[in-house]
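Chemist: Using the sequences and the hints given, assemble the complete structure.
Protein chains: 4
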Amino acid sequence: MIKAGIIGGTGYTGVELLRLLHNHPKVNVVAISSRSLNGKRVDSIFPSLAGQSDLIFSLPSDETLNTCDIIFFATPHGVAMKGAGAFIEKGIKVIDLGADFRITDSDEWSKWYGLEHTQPSLLKSAIYGLPETNRKKIKDAMLIANPGCYPTAIQLALKPLIDNQLIDLSNIVADCKSGVSGAGRTANQAMLLCETSESLKPYGVGGHRHLPEIKQELALLAGKEVKLVFVPHLVPMIRGMQATIYVDLLDADTDVMPFFVHAYSDEQFVTILADGIYPETRSVKSSNFCQISVQKIPNSNKLVIMSVIDNLVKGASGQAIQNMNIMFNMDEGLGLEQIGLLP
Amino acid sequence: MIKAGIIGGTGYTGVELLRLLHNHPKVNVVAISSRSLNGKRVDSIFPSLAGQSDLIFSLPSDETLNTCDIIFFATPHGVAMKGAGAFIEKGIKVIDLGADFRITDSDEWSKWYGLEHTQPSLLKSAIYGLPETNRKKIKDAMLIANPGCYPTAIQLALKPLIDNQLIDLSNIVADCKSGVSGAGRTANQAMLLCETSESLKPYGVGGHRHLPEIKQELALLAGKEVKLVFVPHLVPMIRGMQATIYVDLLDADTDVMPFFVHAYSDEQFVTILADGIYPETRSVKSSNFCQISVQKIPNSNKLVIMSVIDNLVKGASGQAIQNMNIMFNMDEGLGLEQIGLLP
Amino acid sequence: MIKAGIIGGTGYTGVELLRLLHNHPKVNVVAISSRSLNGKRVDSIFPSLAGQSDLIFSLPSDETLNTCDIIFFATPHGVAMKGAGAFIEKGIKVIDLGADFRITDSDEWSKWYGLEHTQPSLLKSAIYGLPETNRKKIKDAMLIANPGCYPTAIQLALKPLIDNQLIDLSNIVADCKSGVSGAGRTANQAMLLCETSESLKPYGVGGHRHLPEIKQELALLAGKEVKLVFVPHLVPMIRGMQATIYVDLLDADTDVMPFFVHAYSDEQFVTILADGIYPETRSVKSSNFCQISVQKIPNSNKLVIMSVIDNLVKGASGQAIQNMNIMFNMDEGLGLEQIGLLP
Amino acid sequence: MIKAGIIGGTGYTGVELLRLLHNHPKVNVVAISSRSLNGKRVDSIFPSLAGQSDLIFSLPSDETLNTCDIIFFATPHGVAMKGAGAFIEKGIKVIDLGADFRITDSDEWSKWYGLEHTQPSLLKSAIYGLPETNRKKIKDAMLIANPGCYPTAIQLALKPLIDNQLIDLSNIVADCKSGVSGAGRTANQAMLLCETSESLKPYGVGGHRHLPEIKQELALLAGKEVKLVFVPHLVPMIRGMQATIYVDLLDADTDVMPFFVHAYSDEQFVTILADGIYPETRSVKSSNFCQISVQKIPNSNKLVIMSVIDNLVKGASGQAIQNMNIMFNMDEGLGLEQIGLLP
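Protein chains in written order, with our numbering: chain A, 1 to 343; chain B, 1 to 343; chain C, 1 to 343; chain D, 1 to 343.
Don't take each hint at face value.
Treat identical chains as interchangeable: a pair holds within one or across any two.
Straight-line C-alpha distance at most 20 Å; calculated SDA-like pairs for lysine to any residue [claimed, not checked]:
hint, residue 1, residue 2
1, K111, H24
2, K215, N299
3, K26, L334
4, K227, M1
The set of hints was computed from the structure by calculation and includes no laboratory data.
Modeler: Here it is as structure tokens:
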């Protein structure tokens, strides 16, 4: 059995790792740390685990963590940057679910995250963990930068179009919608049920931290800069994320469907929907799937691509486990076979 | 007191008319018809009215309707088309909350609504009831085509930009989001709580009935055809509608804010939000207000305009009452003074 | 015009006072205080007020408050206790929406609220502000203890039965359900959307702060002690409260309906529903109404009474305004005429 | 591999069987029938299955069903009654998720379900499938009456108290709360999001179809009649059920906790929560667990027992699979190991 540790497991990506790894046949979670909850039973914080787990929160200095084969950082930015190196030196693989290693340009990172990046060489060694674009490098990585949720939904939607040079890269609009769990479990007045339920709102319109990550990765796919407007919205639901993306086809007559089908024919977690079927976020709730559909707008060169993921699974903890499976040469879908919870 | 009648008052726009007119100091609702509920107490269908109304549903042939000063049609398309003429001939003003008189080209109407339009001359006489663009004509109208909810949110957002010729009319994207009440009160599996809650989905991507109405009215504002992609999404909430609109400024350096402030400085129901404040649908829940904000995207000529309304108020019944107030020379805001229900 | 001031207006009862008083024809809110938000625009905190109010939060020491005719304390417990006296000495009437003056026994109060009660003489002079039981005393009061939400729903449901000595006072179960707004607007992890949505839970089962208030007032009605089990539950909705109360009829054959109808025949805000119609919380959403229905259980002496209110209106701010109307000899329903928001 | 068939798989218990059996290592679903959807892809109705299942709805006469080892009826009442016998005669085991075999007295059944019961001998042979009370009989059964959701939550909460003769059987109140999925997937105006969201309501107060089932099974446990008041409420959430049960202890000093702990110490799916921890429905969302807690009311002989289940899992499809596992001598928890989805 692979021994896994979780650093900072008091948030939603932490409990989601616990839920998914609970069913993983080849992994045991042996330690989970939290400074603030040190000594408390994990099921006292996450009552879904009552009777199912005897884990106790420990300190990040817990020696058990050093016996692990893999460490997941489910921490705010700045924490993995400081802590990842020590594990890697011991030969322990690390997956950072946070943002510390996603932006390769450390100045750019500092600009968006308000901290100096103190580990430029670690940053250089980190592999961006989107299996559908980077599987080979993930296989041998010691340090994975697990992608953000919005970047995942957007990249999977655009990859077949960019790879095949079908669209104008200077005019892309990504109107995105996310459930509230993306904002985390910290006490925050703005995320109270009474502030978010029965309402929808845009946020970060002038600039969101996921924007540089999206632009960086799309530019890598395209081989040149991509101009993109990205507007996220907060939706009154717990889980789920949708990207509705508007692009201009270079040739209005291109039938893009075959490109999408071909791009993902070997991908276990990306499903292309039939013509006229649009994705609903609930279809992938609790699962690691991404569902995508495309719709050409009549009498124009506009194409709309819609993709949905569960922000806590394919957008975070599920993708982290998918990366782990690849890193340990296991079946990529192990522990991730569940289909979505409907209704 | 003005005597008002409602035809087809069993849906959400019907009960919303009752709620708002209950507080109107100069209007009494004297009759409300429903073929299927003829003879039943209105408060047996809408329990919010228990103890507050003794209205009984009657047949559309109810003579009391002919004694009214104004008739609201809160009916599916096709009904007002047949019934409006008889009232107008008797000198009774008519406001159709449905779609029968919104599209001036009857062939276009037939294409989207699947019916022949049998009243071309009535159609010609109908006035499109968006007070902010059409107030003068509304004043003298006998027949008002009350705008759709999406068209209201989009037109109010774009009017200052089009009026002042600030944007490229060939590349507009309107990504819109609506609460479930827009789908009405008919038993419909797809609108069950278990099918719509905790989920978000796009619909009508290839073409939605509000599209021709939006294009027609924007073309009137612009004096020429406008190219627009319109994608509506269903949001898991009862009320609320947001349009997020992406346009290209002709001059990337234009400061659009003064144009918005000036356009609506005399408008009671349109509020321009301060820089950096984005609208939330809950801010206008239960009220007739539209809140709008604008955000320039750095290093580009893209502008994002965001507008919110309550789809059942400014997007339907509230706007109908605003139109009625204008038609009867009353203060335009009478009965509509309530601010939004928060939380 | 009556001049009103609000102390501590940053929570939900504060903004609800603003919403309701906005429509009150005889009251102006001239000052609203908040230590933490001093100097900020009220509409920057409550975006429903954007464009509709120019109020600025001031300090509790703001002199304008001393020019008021009435002061509402919308504060946590302990604040009104300290501040009410100074206003009353100046002849300014005070309504405390908090708990400081609800429990007449100051030791009992201290036990539940964890503070010493420093104003026993003020406490003695306070009038419990449930108009349906205490209207005459409210008329002449200088200081009103506005009832809690659960106590309001329970007392209105039981009053006709207790007044007419129809039930066993030693075996009453009140299973109550509340929307999340009852927990207030403070940043609180447990009240995040992701912690409360799509879930229901009991709380305070072993003892809730509203219990002594309920027992005190029921004992006053009954003329002796009442034994009651009270279990509140948190329901995934913003507003609304329901009490489902189980009692034993002394005579299983009593037809209780006439007692309910008679008890509230002159009450503007209490509606008794017809046989077989059960109340839904949405029927009173945003309104000051209480709807009640009763159901006898066949082959037993059990009776179920169900009552619903909007916890922020009849359970808080609406009832405060009803009390104010009585205190100033105005029509009791002034500013409270709105019917519920449905859907 | 065990071959399973589903009759009437177009509702929520049907898709929940598909979701859970998808992960069952020893069962394949080989046929699923629906008269109305015959020939349609299952994933066209349940988009969570897109790309994960190639099942096609067939007619109930589909011969594949006769090749199954087990048939699940996920049908409205009246259907399994007619169809179960033919399978059983062929040696195929049957689990009815509906109500046809739950009430042993066919006259009582007819009274509540409005149909004559045409299969009295089948009815006699049916085993009530609550593993925690009936495991031995389930092992050898050919026909299982899968319990209702409310009866499951109530029986598990009361069993330790009744088994140990700790409570007064003549005064039990069960105030229950259910998510909307309990009402099924049929188009029904009353279950629209706009009718059920942001509201709570009691229903069936005068008598609910689950009442005779509850009384029958409690009487079996007690060895005599039990007097119980049962009031269900509809809660604005998709899944989840809570029973809050009020009983009188025969001896007010009894410490009931050890009885609960002992009763379920060997039960995989029943968790007794620690003192002072109350169950939340979300803790068991998507899982087969039942969580129970107890609270003594001070200065009285009243005890409150609270139990939560997911109405579609332990209250329906999960329990059916648990029964199937027992019937086929498999590990009872196979395919049901998932812990709850939180958040």
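Chemist: If a hint holds in the structure, say so; if it does not, say that too.
Modeler: Going through the hints against the structure:
When the C-alpha separation of K111 and H24 is checked against a cutoff of 20 Å, the pair qualifies neither within a copy, at 38 Å, nor between copies, at 49 Å. Taking CA atoms no more than 20 Å apart as the test, K215 paired with N299 passes between copies only; the shortest distance there is 14 Å, against 29 Å inside one copy. Proximity of K26 to L334 under the C-alpha cut-off of 20 Å is found in both arrangements, the shortest distances being 8 Å within a copy and 17 Å between copies. In this homomeric assembly, K227 and M1 never come within 20 Å of each other (Cα to Cα): the closest approach is 45 Å inside a single copy and 53 Å across copies.
When the structure is compared with the earlier hints, violations turn up for hints 1 and 4 and for no others.
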